[in-house]
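J.: Chains as they are written, first to last, in full-length UniProt numbering: chain A, 1 to 982; chain B, 1 to 151.
FYI, nobody ran anything at the bench for these hints, they're computed from the structure.
Model, not experiment: these values are computed from the prediction.
Ideal Cβ placement from N, Cα and C applies to all residues, glycine included.
You may find that some hints are simply not true.
Only some residues are given here: those of chain B computed to face chain A with a beta carbon under 8 Å [said to hold, decoys possible]:
{"no.": "1", "residue": "Arg37"}
{"no.": "2", "residue": "Lys38"}
{"no.": "3", "residue": "Val117"}
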Amino acid sequence: MSAAKVKMREKKMRNQPASVQYPSSSSNVESSTQNGADAPGTGENADPLKGGLSEVHPSTERKKKTPHQSGWVRGHHKDGGGYTKEMPKYITAGAFARARAAEVSAMLKAVRKTTSSSHVFEALPKHMRRRAMSHNTKRLPHRLREVANRMREKSLQAGSKKKKEPAKSKSRKARRRHGNLLLEFNRRQRKNIWLETHIWHAKRFHMVKKWGYCLGDRPTYKCYRACYRAMSSHCLLQDLSYYCCIELQGDEDKLLAALSQLTSKEAGPTFAAALCLSGRRQGSVMVYRAGRYPSQPLGPVTFLWRPRTQGSVHRQLWIWAHPTLKQDLLPELQTVCQCCEAVIPPAAPVEVNPTLEADSEPENTPEAKPVPGTKRKRSRKDATGPPAKKILGDGTRLPSTPVSWRSSSNGIVINDLTMEIVRYRLIGPQSHSVLVDTLEAATGCDEVQKSQTCSLWWPQHCSDEAKMTLHQQQADIFNILKGIYSTAELPSGTVLGLTVDDPRLTLPRKRVKALPCVKQAQEVDEEKRRKLMLEGVPEPCCQSFIWEQSVRDNVTDNKISEQELNRMRSEVLVPGSRLSPTPLQGRVPILLVHQPGKQVGHEMSSWGAGWDLLLPKGWGMAFWIPLVYRGVRIGGLNMSLKHSQNKAAPHFPRDYPDCPAGMCFQEEQEAELLDKFKRHPPAKRTNYIKHGCVAPFRCPWQQLAEEWEIIVQEGGSQARTTAQADAVTEERTSQQAISITKPLSRFTVLRNRKALRLLSAWCRPTTSKGQRPCRVGELPPISCEAVTSFLSAHAMSLVWVHVSLLSKGKPEYHAMLCVPTPEDLKALGNRQGTGGPQEPPHRDHFKSRIKRRKKEPKKAATSSVTPDKPDGKEAELIFASDLDTNASKDPKSFSESSSDLVLGLWPDPLPSVASHCSRVTVGWVTQGDFSMSAGCGEALGFVSVAGLLNTLLNQTSEHKGKLLLRNPTSLHYRFAKINVEV
Amino acid sequence: MTEPRNPSMSSIPQTGPAHTDSSSPAVEMDPVEYTLRKRLPRKLPKRRNDVYVNMKTDFRAQLARCQKLLEGGGHREICVHGLGLAINRAINIALQLQASSQGALQLAANTSTVELVDDLEPEDPDEAGEPMTRTRNNSAIHIKVFYPDPQ
Numbered sequence: 001m002s003a004a005k006v007k008m009r010e011k012k013m014r015n016q017p018a019s020v021q022y023p024s025s026s027s028n029v030e031s032s033t034q035n036g037a038d039a040p041g042t043g044e045n046a047d048p049l050k051g052g053l054s055e056v057h058p059s060t061e062r063k064k065k066t067p068h069q070s071g072w073v074r075g076h077h078k079d080g081g082g083y084t085k086e087m088p089k090y091i092t093a094g095a096f097a098r099a100r101a102a103e104v105s106a107m108l109k110a111v112r113k114t115t116s117s118s119h120v121f122e123a124l125p126k127h128m129r130r131r132a133m134s135h136n137t138k139r140l141p142h143r144l145r146e147v148a149n150r151m152r153e154k155s156l157q158a159g160s161k162k163k164k165e166p167a168k169s170k171s172r173k174a175r176r177r178h179g180n181l182l183l184e185f186n187r188r189q190r191k192n193i194w195l196e197t198h199i200w201h202a203k204r205f206h207m208v209k210k211w212g213y214c215l216g217d218r219p220t221y222k223c224y225r226a227c228y229r230a231m232s233s234h235c236l237l238q239d240l241s242y243y244c245c246i247e248l249q250g251d252e253d254k255l256l257a258a259l260s261q262l263t264s265k266e267a268g269p270t271f272a273a274a275l276c277l278s279g280r281r282q283g284s285v286m287v288y289r290a291g292r293y294p295s296q297p298l299g300p301v302t303f304l305w306r307p308r309t310q311g312s313v314h315r316q317l318w319i320w321a322h323p324t325l326k327q328d329l330l331p332e333l334q335t336v337c338q339c340c341e342a343v344i345p346p347a348a349p350v351e352v353n354p355t356l357e358a359d360s361e362p363e364n365t366p367e368a369k370p371v372p373g374t375k376r377k378r379s380r381k382d383a384t385g386p387p388a389k390k391i392l393g394d395g396t397r398l399p400s401t402p403v404s405w406r407s408s409s410n411g412i413v414i415n416d417l418t419m420e421i422v423r424y425r426l427i428g429p430q431s432h433s434v435l436v437d438t439l440e441a442a443t444g445c446d447e448v449q450k451s452q453t454c455s456l457w458w459p460q461h462c463s464d465e466a467k468m469t470l471h472q473q474q475a476d477i478f479n480i481l482k483g484i485y486s487t488a489e490l491p492s493g494t495v496l497g498l499t500v501d502d503p504r505l506t507l508p509r510k511r512v513k514a515l516p517c518v519k520q521a522q523e524v525d526e527e528k529r530r531k532l533m534l535e536g537v538p539e540p541c542c543q544s545f546i547w548e549q550s551v552r553d554n555v556t557d558n559k560i561s562e563q564e565l566n567r568m569r570s571e572v573l574v575p576g577s578r579l580s581p582t583p584l585q586g587r588v589p590i591l592l593v594h595q596p597g598k599q600v601g602h603e604m605s606s607w608g609a610g611w612d613l614l615l616p617k618g619w620g621m622a623f624w625i626p627l628v629y630r631g632v633r634i635g636g637l638n639m640s641l642k643h644s645q646n647k648a649a650p651h652f653p654r655d656y657p658d659c660p661a662g663m664c665f666q667e668e669q670e671a672e673l674l675d676k677f678k679r680h681p682p683a684k685r686t687n688y689i690k691h692g693c694v695a696p697f698r699c700p701w702q703q704l705a706e707e708w709e710i711i712v713q714e715g716g717s718q719a720r721t722t723a724q725a726d727a728v729t730e731e732r733t734s735q736q737a738i739s740i741t742k743p744l745s746r747f748t749v750l751r752n753r754k755a756l757r758l759l760s761a762w763c764r765p766t767t768s769k770g771q772r773p774c775r776v777g778e779l780p781p782i783s784c785e786a787v788t789s790f791l792s793a794h795a796m797s798l799v800w801v802h803v804s805l806l807s808k809g810k811p812e813y814h815a816m817l818c819v820p821t822p823e824d825l826k827a828l829g830n831r832q833g834t835g836g837p838q839e840p841p842h843r844d845h846f847k848s849r850i851k852r853r854k855k856e857p858k859k860a861a862t863s864s865v866t867p868d869k870p871d872g873k874e875a876e877l878i879f880a881s882d883l884d885t886n887a888s889k890d891p892k893s894f895s896e897s898s899s900d901l902v903l904g905l906w907p908d909p910l911p912s913v914a915s916h917c918s919r920v921t922v923g924w925v926t927q928g929d930f931s932m933s934a935g936c937g938e939a940l941g942f943v944s945v946a947g948l949l950n951t952l953l954n955q956t957s958e959h960k961g962k963l964l965l966r967n968p969t970s971l972h973y974r975f976a977k978i979n980v981e982v
Numbered sequence: 001m002t003e004p005r006n007p008s009m010s011s012i013p014q015t016g017p018a019h020t021d022s023s024s025p026a027v028e029m030d031p032v033e034y035t036l037r038k039r040l041p042r043k044l045p046k047r048r049n050d051v052y053v054n055m056k057t058d059f060r061a062q063l064a065r066c067q068k069l070l071e072g073g074g075h076r077e078i079c080v081h082g083l084g085l086a087i088n089r090a091i092n093i094a095l096q097l098q099a100s101s102q103g104a105l106q107l108a109a110n111t112s113t114v115e116l117v118d119d120l121e122p123e124d125p126d127e128a129g130e131p132m133t134r135t136r137n138n139s140a141i142h143i144k145v146f147y148p149d150p151q
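Between the sequences and the hints, there should be enough to build the whole structure, so can you do that?
T.: In structure tokens:
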């Protein structure tokens, strides 16, 4: 019994005579029925035999009661004799009466007194209660008013007391004082890292804690369509600084040899692709565990080589990975590079530079002059003295955690540059105009400045002639960008290094919209523009000083504080004009990386192209605000999902179910969706069983792949109708459920480009809504032999498909992709307008079980389960096998699983997922929405390769690649065309 | 027409050999296989009375758009542009406009050549191949549809 219960019981018993016993639990009901004779006041209660029994009536009454002892049995019972032994022969009248008197008085007392916890008006009968009685005591009858008033005062007092207690903390003014505020901020980012733009985002976005970061999910204002428009016609800005950068340094051939273990050429260009290796382009690649090409993928990364310096084989490589991928990738990199020696942190950039810190202390302002790697602990310690430091970079990392590893055998060094570089992504055709508007190539410095010896990096560079010519070339190329109308005109992945002035100096006074300037476009040399469009940026111009650790640190340390800048602005003669001369600190090396737009498929090509802006840490807000002032929209995580959806690209980690991060994501998503589902009252929940949806919150890919492999094996090479396939699956899966499946290989996602191209041609690619067929190259036509040979290699694979609905309908995630029957396709040919077939509603057999369990909680555990007979005619066929498999399992396992029965969801051993409904399932959708670029519902998802090929073989050429799509909450199938896009 | 023009409308090869997704041995770029990727045609600044015709939007919708510009939009003249496959449609639209105006509208057609850019990405096993970029030309038509001045 819990403490609260004990307390309640004590309270209840306070006014009771000791002789009256209340049952503390149902088990000792019988024992407490003895009354009277053994009341403590009577004195001779020690021996029940001494108690008097002078009358006849009590004894007869007792005899009637005795059977209660062991369950309810009607009439006289022999076993009742056990009680009669204890029965007293006689009772003393005086003692008996006294005991009764005590009981009666206790009873009267209990009846008169209201329990203290209840409100006064609860004493009223229901029909006399009125609304808001506790608020206005005049609504109570007169006799109760006084009591109610007293109670009200009491509760008010209690309330005010409670409120006062936590207010003991500092005053708001003290809390908002800069140093204290920073301390508070530093405390709050102990678990989840804040990006540099966190505070800006936190004021405008719904923030989520994900992957160890605090990230903006979506803005609080309505801007879904506006953001889409920005992506397709202007510019959308995102902060991608949470992406992790891992730096590899070493000899080129050794690096390539190590990295080649992680990739495969079958899946596209690797780290060694010539153009990427020269440093002129950014590359992207799918990474696998070392030497485990198709079976164990890790995830997609992008990478960037630093251009070669003259006569050196030493190279530098940045690998950008998603934070969930980093934890898998980093150990893998360490093994392939044989880098196990952790370099002790002092060598790492987290070292605090004491002199710099001293410098920066006096100018602590809201945009405090940041000092790299200042430890939180440290700042807390000396909080009494100089105010706290803003954390820059990774605040969650312990100072002793190594960030650098060196190999003794091959000289490769791995640096973890997480949070060292700020990365902003600009998406949209006008993103280059925004950049051109915001940034200005750094101005050189005059002789006086050059002659000054100081710690800044720019004057030193100015004195070097070669570096200045390079800078001039870069600035020229940057100016050519003005003459370009759309970002998509440039070669994808182009890299441009640059040094720019502090963009805060040219901040416009009002928010403006950056647009390409036609006049300027004509000024720009046509020939140069053509060269840039065709060939991209020449190799030397891809060099940037952001690659140098020392320059990065120097720039970060010497940033002009916002306060200082404002002071300088106030001294300018003409308000709002540009500051001149440009302060020496305001030169920042940056890197611009072009991001390709939509690259697959035949429509909307290069949609969503843009630029990535790479900055040294600490400069995040200095570039963010000027960019925002150029009229860009800001997007969060939500928009990056939509971006990749419109690009028909898989989104990491959501669409990588075979990667560890993807699996983790699936589990989290399932838990989250289930939690949301359970928050609804049972009557308001969707009953997914009735909708024939086996797994509404996750996609059991493994089970699907296994089932389809079996179907194809059984089917052999002969063509068969889907109905036959149906029967086979049912049969097989029911067997499967009983005998635990034989060990099967794990499913993989097909990424072999040749195979994908073949599949793509077999699906007969069309434009969206299936309007016009697109051309494909000469590839072998689909035939039984070709399919068999294809399946022998990729039987357990899934393939990424793009689904566009032929009629109306908005696909949702986890919608099912099913195979239409020949009759469905015939109907489609006849009447284009009809929406598609309907799924007959299923019966929920678990509902009755749940109900029964509720009724008799004890018995349900032991009773054997008798399966209900399905009487729904349509569902009978489909359900028979599933039901049998469930019933055939021993009841024990069922009772165990019944503990997590949720109304409307299938309990855990799922039935056959492929053949659960009237149309055979081949896959699921992972993201789907109404596509504003195509004007119809579009979805992305995976289908089983075996299932897809089986379907394609049976379809006539005019209906090739047409599937049915059904949302989990609907019974309506919609026709959809799938395309495998390479 | 806020949408960028569909590249497939410019996909009819006007010059040079056939280009398929994987180049056939007849083309000179063997032995390395290339993937062809077409870039969008260069966009130019657009006035309100410019209509770029594509093959994806419904013909009637494009016609109605032009009519609205001329009648409701208060423009005295509009310019209909078509590239490649869409030339035909651009001419059709212009003629339809003229026919429906009972001779009030006049046409003035100009042709031009638009340079298009293709990217060829190598798919070779040793990854030494440089991606190539090539340009090809495609025809375009610009039809001015206008009300002649009263004099």
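J.: State for each hint whether it applies.
T.: For each hint, the structure was consulted:
| no. | hint | in the structure |
| --- | --- | --- |
| 1 | Arg37 | holds, 7 Å |
| 2 | Lys38 | holds, 7 Å |
| 3 | Val117 | holds, 6 Å |
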